[in-house]
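*Asks:* The chain contents come next:
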Amino acid sequence: MVKQESESANRPDNTAFTQQRLPAWQPILSAGIVIPGFVLIGLAFIGIGVALLVTSRSIQVLELDYTGDSNGSPCSSCSQSDIANCKCSLNFTLTTLFQGPVFFYYGLSNYFQNYRRYGASKDDNQLYGDLSSFTSPSSSCSPYNYDSSKKPIVPCGSIANSMFNDTFTLTRTVSGTTNNVTLDGKGIAWWTDYNIKYRNPSVTPLKNAFNGTVKPINWAKPAYELDASDRSNNGFVNQDFLVWMRRAALPNFRKLYRRIDASGDYQKGLPAGNYTIDITYNYPVRAFNGAKKIVFSNVSWMGGSNEFLGIAYLVIGSLCVVMSVVMLIVYAKFKFPDEE
Amino acid sequence: MTWRSPLALVRDALRGQRARENELRSLESNLPYEGLEKGKQPNRYFPSNAIKTTKYSLLFFIPMNLYEQFHRLANLYFVGLVILNFIPEVNAFQPEIALIPICVILSLTAMKDAWEDFRRYQSDRKLNNMPCFIYSRKEKQFVERHWKDVRVGDFVKVVCNEIIPADLLLLYTSDPNGVCHIETANLDGETNLKQRTAHPEFEPESFNGILVCEKPNNNLNHFKGYVEKPDKQKVGAGIESLLLRGCTVRNTDHAVGFVVYAGRETKSMLNNSGPRYKRSKLERRLNIDVLFCVILLFTMCLIGALGHYLWLNAMPVVPPYLVPPTSGQLDRPSLTSFYMFFTMIILLQILIPISLYVSIELVKIGQIFFITNDIDLYDEETDSRIQCKALNITEDLGQIEYIFSDKTGTLTENKMVFRRCSIMGTEYPHKENAINLLIKETEVVPDGKLFQKISRTSSGSLSHSQKTDAYLDFFLALAICNTVVVSMATTKRRRVSRHRTFTEDSEENFQPSGQTEGVDTTGLQPCSPHPPSLSDEPALTSDNLRYEAESPDEAALVYAAKAYGFTLLSRTPDSVSVRLPSGEVLDFEVLDTLTFDSNRKRMSVLVRHPITKEYVLYTKGADFAIMELLGTPYPGNGNKKNIATVTQRHLDCYAKEGLRTLCIAKKVQNHTLSYLPNAMAAIENRERLVMDTAVQLEKNLTLLGATGIEDRLQENVPDTIQALREAGIKVWVLTGDKPETAVNIGYACGLLEDEDLVINMGCKDKITCTNILDCTLEEVRRYNADPRNVDTTQNMSLVIDGLTLDKALSPDLLDRFVALVKHCRAVLCCRVTPLQKSRVVKVIREKLKVMTLAVGDGANDVNMIQAADIGIGISGQEGMQAVMASDFAISHFKHLKKLLLVHGHWCYTRLANMIIYFFYKNVAYVNLLFWYQFFCGFSATAMIDYWLMIFFNLFFTSVPPIMFGLMDKDISAEMLLGVPELYKTGQGEGDYRFTTFWVSILDAFYQSLVCFFVPYFVYQDSDIDMFTFGTPMNTSALFIILMHLSIEIKSWTVVHWIIMLGSVALYFIVTLAYSAVCVTCNPPSNPYWILQSQMEDPMFYLICILSTVVALLPRYRVCHSLSSVGLKIFNCPEFWGSRQCYFSLMLPFS
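Protein chains in written order, with this note's numbering: chain F, 23 to 362; chain R, 948 to 2097.
Chain F with its partners taken away, still in its complex shape:
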């Protein structure tokens, strides 16, 4: 209640901030700036669009559906039976060299890996090699955490359980002889998945870590026996497993299966000729109107083939240029009298 004796104790500070007089820049959008700006942006966009389109056009893509919907297709018999490891084969002919490096994908359609509860159905700690999660998997894996005899499932959850299990071999027929094309399965998964996010428990042999657990219901082999040819490619760091566990964003997707090993005849890619893909057909998709396919593709700096982005850039770029022309006409015609 003691009053300030000083004369103007209440006087507000006369600073630019309190008086709202901070030096301000007002973006003045005069025709002299906007029209050249639009032209520049338009031209830049057209340039990017052309580059994208040219790159995209140079990428070769070969898609082969093997679902076996129609009766005439090679895998129709397999698709209708429930026999495990049903074999069918697919022939195709390349007339020109398929430029390397060539990537070998399998594709699924109408398959919702992004389904909410599907996505949650895994145990990250288990997959990180945490042994305590081996004996008691997270409830998020339910109902795929314990089998009917209450034994824990490792790896648990729906994603692992539904892992894609068709296998492919690629052969090339040159003048009657059939040669296997070497497929490279190393490094097809994310580096971070392989090295950091997924780990096998540090138990040797790996098999011992899985004592007292059971394999996922749909799996033919337990996790530690996924790749018989390469011991280090087993357990949770199996490349195919890692690729599958990284859920696709959209219901129609492809996943990397193998790379064509760039050696010998295949140094420059797949040479022209006749090829056969031998398929071990296991994964049922027809029941839910899904489709399966095999895709060969090479990649560029922009990834796979995609024309959309190039076209979009071209359209927007041209739109900008057109707009600036229109603006120019408008300003030339309706110039304000006081602007001379």
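Rather than coming from a laboratory, the hints here were simulated on the basis of the structure.
Where hints are given, some of them may not hold.
What the hints assert, rightly or not - Straight-line Cα separation of at most 25 Å, SDA-like style, residue types lysine to any residue; simulated pairs:
1) F/Lys243 / R/Pro1266
2) R/Lys1997 / F/Pro45
3) F/Lys237 / R/Pro1266
4) F/Lys208 / R/Ser2040
5) R/Lys1841 / F/Gln41
6) F/Lys208 / R/Val2026
7) F/Lys208 / R/Thr2027
8) R/Lys1841 / F/Pro34
9) F/Lys315 / R/Thr2027
10) R/Lys1931 / F/Lys355
11) R/Lys1841 / F/Gln42
12) R/Lys1997 / F/Thr191
13) R/Lys1931 / F/Arg43
14) F/Lys237 / R/Pro1272
15) R/Lys1997 / F/Ser52
16) R/Lys1336 / F/Ala53
17) R/Lys1997 / F/Arg43
18) F/Lys237 / R/Ser2040
19) F/Lys315 / R/Gln1967
20) R/Lys1336 / F/Lys237
21) R/Lys1997 / F/Pro58
22) R/Lys1362 / F/Arg33
23) R/Lys1997 / F/Gln41
24) R/Lys1997 / F/Ile63
25) F/Lys315 / R/Asp1968
26) F/Lys208 / R/Met1262
27) F/Lys172 / R/Pro1272
28) F/Lys237 / R/Thr2027
29) F/Lys315 / R/Met1262
30) F/Lys315 / R/Tyr1963
31) F/Lys208 / R/Gln2041
32) R/Lys1841 / F/Arg33
33) F/Lys315 / R/Pro1266
34) F/Lys173 / R/Pro1272
35) R/Lys1931 / F/Gln41
36) F/Lys208 / R/Trp2036
37) F/Lys173 / R/Tyr2063
38) F/Lys355 / R/Asp1323
Predicted, not measured: the structure shown is a model, and the values here were computed from it.
Using the hints provided, position chain R relative to the given structure of chain F.
*Replies:* Showing chain R alone in chain F's frame:
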């Protein structure tokens, strides 16, 4: 403490309740009961003097604060959502995360509340522990205690410059006349000293009477009570002997009082009603839009649930990706989709912006900071800034359509300057005062002719001419007939350091006042009472006298008398001394003072002339209040009746000039009236008895003359009114003055113009009133129907008086009256009561559905200020009651211009744009998730990490809109002041329109479509994984949302750049850090190393650029074409203020 039965406790509590509720209270002294237990104390039912203004207690803070916060519907909604998260069927992952935003919001608000409450607690504690002196019977002296120890019935001593701890009945003062001066500035802001008198019949030590007083009330100017002595004699006590808590003792060495009300029952605490809560118009609109958002949310969730149902139904078998629940059996699709509805609500909940309410509050605090810090609204003279009392209606300042203004003290300065006078029918124009506009009210230049006349009369033989000469009588009346307190200009209100040396020796002063009378103690006392009444002290020149009057008119008259040599030297309740021009000092014995009241409209002082020993009654008052009481004409004047008529003519002339008029009259009485003290003792109908006494005394008066006092217009009033008008605001003046004065002021301040058609409505009965209304309305209709008058509007103004207003506001005429005033450019209501003022405001506000602002400075404006959407108080001469009731308090009327035109406009556009932006931002972001539902089987999957989604709203995009709401300047202050028409953009619907809202929502839909489908088409059929797919979307959403704001921001300062770039930087830093750290931390999402890998991919940048450009191109185009047309006209300073400029400016916007 003895044990007491619960029954007794209940009985005691009930009795206490009854004692507190009783209309009359009987209080007795605590002294005989000193040291006894509490149950025996006579005044135990009444609260102690300790106050508690805190809202919460330490123990119950959390529950009480939560209860308080859940009064806000939005908070309940958010808590409902959180609870929904914990229902297992809804399948929310990590329901704990959903708790975070609401917890942050609630704890932020709680922290703010706790801090405010703690400050209240601290100030309470400080107050409660202030020292004071309470009389103790045991120690036979006053002992130092704390304020909180004061109880009703105690005797408390207060010393000079100390604050009074409770409401005290004054029993004794150190002043020989039993006077105590108090300053009530803490209570009502009035800085003049007020006199309180100790009743001589009270004897403090042996006080054994019973004080009967009324129930506590908040009326600061009213108290009724009496002391019943053991012998059943009743002595009345009124407000003039009550010292109020919070006031400061001045000019009095010490005083002793009996505690009547303590603590929360004191008048000052009862007047302290805390901050006001008003809801702004924008906020009401906002709630409707929140409702729309809720509907939108439910629609989207319904679509999701329906889609999920159809999707499930279309499924021929159970595919491997469809996870059955634990039971192993899939639920029926209908049930699953029912649950899905709620899951969707959780996913899309941020559509209702949780941070909006907090942001609005933050922005309003900032806006208030800027308003109170505006140096243009600071008044050097009183060293006061603008005060914002209502914290949440700043944006209403930008939407005002009607201003209701008081006249006196609001438009005018209420600094009265003596301008003219008429004595015995002769007019003295005082030309010098008219010319010299800069003089203060304390300096009056005497009229030469009059001055000569006075000096001639007074230089002659003294005593005889004095008592007969009307001129001397006139000035004596000016000097005597008032309640002015005299203080020395130099010694005035010395702020002596607290001297607390009171011990036994001060005890001797504690005696009935009569005994010290002879001793001149003035020289000894450290804090002297008002200047010594004896004029023989040489130091006392008339220059260092200061007059402190309750109304400025009185002071003006006393200063005028002083200018002519009639100097009021001192005033005590019993005597007045006046020095005459000749140097002789006359001491008048004051027998009675009949103070001014609004019914009588006059005041009188009954004195005994020291020389003639006659009883003389001096009366001054409003002309009609005096003229009807005139009886005997002045002796020795021939043309008797003429003086009254001539004076009346002069009065009319004064009124035309806009002067305030007063008539001065006297009456010589041969006997004094003895029944007056009895009237004072009655508690019940004292007012009526005083009135009766007055009626008996004030009759047969002799007219001496009249005065004209000028109340100058405040600085820049015409300019301000002109600007407000150009801004499309209608200004009404509501005043208690008479129509002539009001009309004159109206012309002077530019409210009325010469070519205006002024309708003067003053009618005695309802029929004439109806006729006038009908005729005028008909005329207006005819005028508007006339094709010649299409472009011109008739400038019509209405002047209406209180009586007519009453009739016009009656239910059957109300609609016609409102229809008429709608056409009026200005309305002046004269002779209106405070209630009528508020009635007018309410009627206009409700009938026309407009935003109203009332501005006033006096207690009579309080009703009006409270009735309007915004009440503005002017802290001026008439005390602080208006300021206390107001939402904003300014010191000059001219401040209104910047407050409304600049701050009002800014606050409104800033807040409106910010709110719209908030809705846009949330809708745009949430829709990204919504579009994704079409590609994930409507399963409520999010392709953006949950934490990042929360961060996005909480950190990355929350600061820029707040900055936008605080600092954006769509138009510069100079432009807003120069072109008041720009204010019109905020009126009525304003910027925040239905269409603006929906255009923004549609834009949000469009932008989210772009932001989703550009990445979608790029990554279609590829091996992209979910969270990699979401990353470019999240990033481009950030760019789009921030760039959208950049388009909206009209001026960029350093702060803008820092915050905008900082937000982008924060996004990348936080997201990169999060994706580097979080390996398995947030299942099922998988943010690990995703942004890093994306940032190595050129496609990421190409997608972000394309999405941003495509999303913002339409808005940029529209804004650009608007501003490029608009800016051209903005940049034409030579056209500022011209109407053409304004119209061409507005065209592109419409």
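*Asks:* Would you mind marking each hint as holding or not holding in the structure?
*Replies:* Hint check results:
The hinted pair formed by F/Lys243 and R/Pro1266 meets the criterion: a straight-line CA distance of about 21 Å does not exceed 25 Å. For the hint linking R/Lys1997 to F/Pro45, the alpha-carbon distance of about 13 Å falls within 25 Å, and the restraint holds. Annotation: proposed proximity of F/Lys237 to R/Pro1266 holds, straight-line Cα distance about 20 Å (limit 25 Å). A distance of roughly 19 Å separates the Cα atoms of F/Lys208 and R/Ser2040; the hinted pair therefore holds under the 25 Å criterion.
For a cut-off of 25 Å, the pair hint linking R/Lys1841 to F/Gln41 stands: about 18 Å separates their Cα positions. Of the supplied pair hints, the one linking F/Lys208 and R/Val2026 holds, its CA atoms being roughly 23 Å apart against a limit of 25 Å. About 24 Å separates the Cα atoms of F/Lys208 and R/Thr2027, which keeps this hinted pair within 25 Å; it holds. Straight-line distance between C-alpha atoms of R/Lys1841 and F/Pro34 comes to about 18 Å, which keeps the hinted pair within the 25 Å bound.
The hinted pair formed by F/Lys315 and R/Thr2027 fails the criterion: a straight-line CA distance of about 32 Å is larger than 25 Å. Between R/Lys1931 and F/Lys355 the alpha-carbon distance is near 32 Å, which puts this suggested pair outside the 25 Å criterion. Note on R/Lys1841 and F/Gln42: the hinted pairing holds, with a Cα-Cα distance of about 20 Å set against a maximum of 25 Å. Between R/Lys1997 and F/Thr191, the direct Cα distance comes to roughly 64 Å. Violation of the 25 Å bound is thereby established for this hinted pair.
Proposed proximity of R/Lys1931 and F/Arg43 is supported: the alpha carbons are some 24 Å apart, at most 25 Å. At roughly 20 Å between alpha-carbon atoms, F/Lys237 and R/Pro1272 fall within 25 Å of each other, so this suggested pair holds. With a C-alpha separation of about 14 Å, the suggested pairing of R/Lys1997 with F/Ser52 holds against the 25 Å cut-off. Restraint check for R/Lys1336 and F/Ala53: the C-alpha separation of about 47 Å exceeds 25 Å, so the hint is violated.
A distance of roughly 14 Å separates the Cα atoms of R/Lys1997 and F/Arg43; the hinted pair therefore holds under the 25 Å criterion. With a CA separation close to 33 Å, the supplied pair F/Lys237 and R/Ser2040 exceeds the 25 Å bound. Distance check on the hinted pair: F/Lys315 and R/Gln1967 sit about 15 Å apart at the alpha-carbon level, within 25 Å; holds. A hinted pair counts as satisfied when its Cα atoms are at most 25 Å apart, and R/Lys1336 with F/Lys237 does not qualify at roughly 71 Å.
In summary, the hint linking R/Lys1997 to F/Pro58 is supported, as the alpha carbons are separated by about 22 Å, within the 25 Å threshold. Straight-line distance between C-alpha atoms of R/Lys1362 and F/Arg33 comes to about 24 Å, which keeps the hinted pair within the 25 Å bound. Distance hint between R/Lys1997 and F/Gln41 is fulfilled; the C-alpha atoms sit about 18 Å from each other, no more than 25 Å. Restraint check for R/Lys1997 and F/Ile63: satisfied, since their Cα atoms lie roughly 23 Å apart, inside the 25 Å limit.
Between F/Lys315 and R/Asp1968 the CA atoms are separated by roughly 11 Å; this keeps the pair inside 25 Å, and the hint holds. With a C-alpha separation of about 37 Å, the suggested pairing of F/Lys208 with R/Met1262 is violated against the 25 Å cut-off. Between the alpha carbons of F/Lys172 and R/Pro1272 the distance comes to roughly 16 Å, so the proposed pair stays at or under 25 Å and holds. With a C-alpha separation of about 23 Å, the suggested pairing of F/Lys237 with R/Thr2027 holds against the 25 Å cut-off.
This hinted pair checks out: F/Lys315 and R/Met1262 have alpha carbons roughly 21 Å apart, not beyond 25 Å. Note on F/Lys315 and R/Tyr1963: the hinted pairing holds, with a Cα-Cα distance of about 21 Å set against a maximum of 25 Å. Taking the CA atoms of F/Lys208 and R/Gln2041, the gap is near 22 Å; set against the 25 Å cutoff, the hint holds. Between the alpha carbons of R/Lys1841 and F/Arg33 the distance comes to roughly 18 Å, so the proposed pair stays at or under 25 Å and holds.
Between the alpha carbons of F/Lys315 and R/Pro1266 the distance comes to roughly 18 Å, so the proposed pair stays at or under 25 Å and holds. Simply put, F/Lys173 and R/Pro1272 have alpha-carbon atoms about 18 Å apart, close enough for the 25 Å limit, and the pair holds. Of the supplied pair hints, the one linking R/Lys1931 and F/Gln41 holds, its CA atoms being roughly 24 Å apart against a limit of 25 Å. The suggested pairing of F/Lys208 with R/Trp2036 holds, with an alpha-carbon distance near 20 Å, which does not exceed 25 Å.
For the hint linking F/Lys173 to R/Tyr2063, the alpha-carbon distance of about 62 Å lies beyond 25 Å, and the restraint is violated. For the suggested pair F/Lys355 and R/Asp1323, the alpha carbons sit about 45 Å apart, so the restraint of at most 25 Å is broken.
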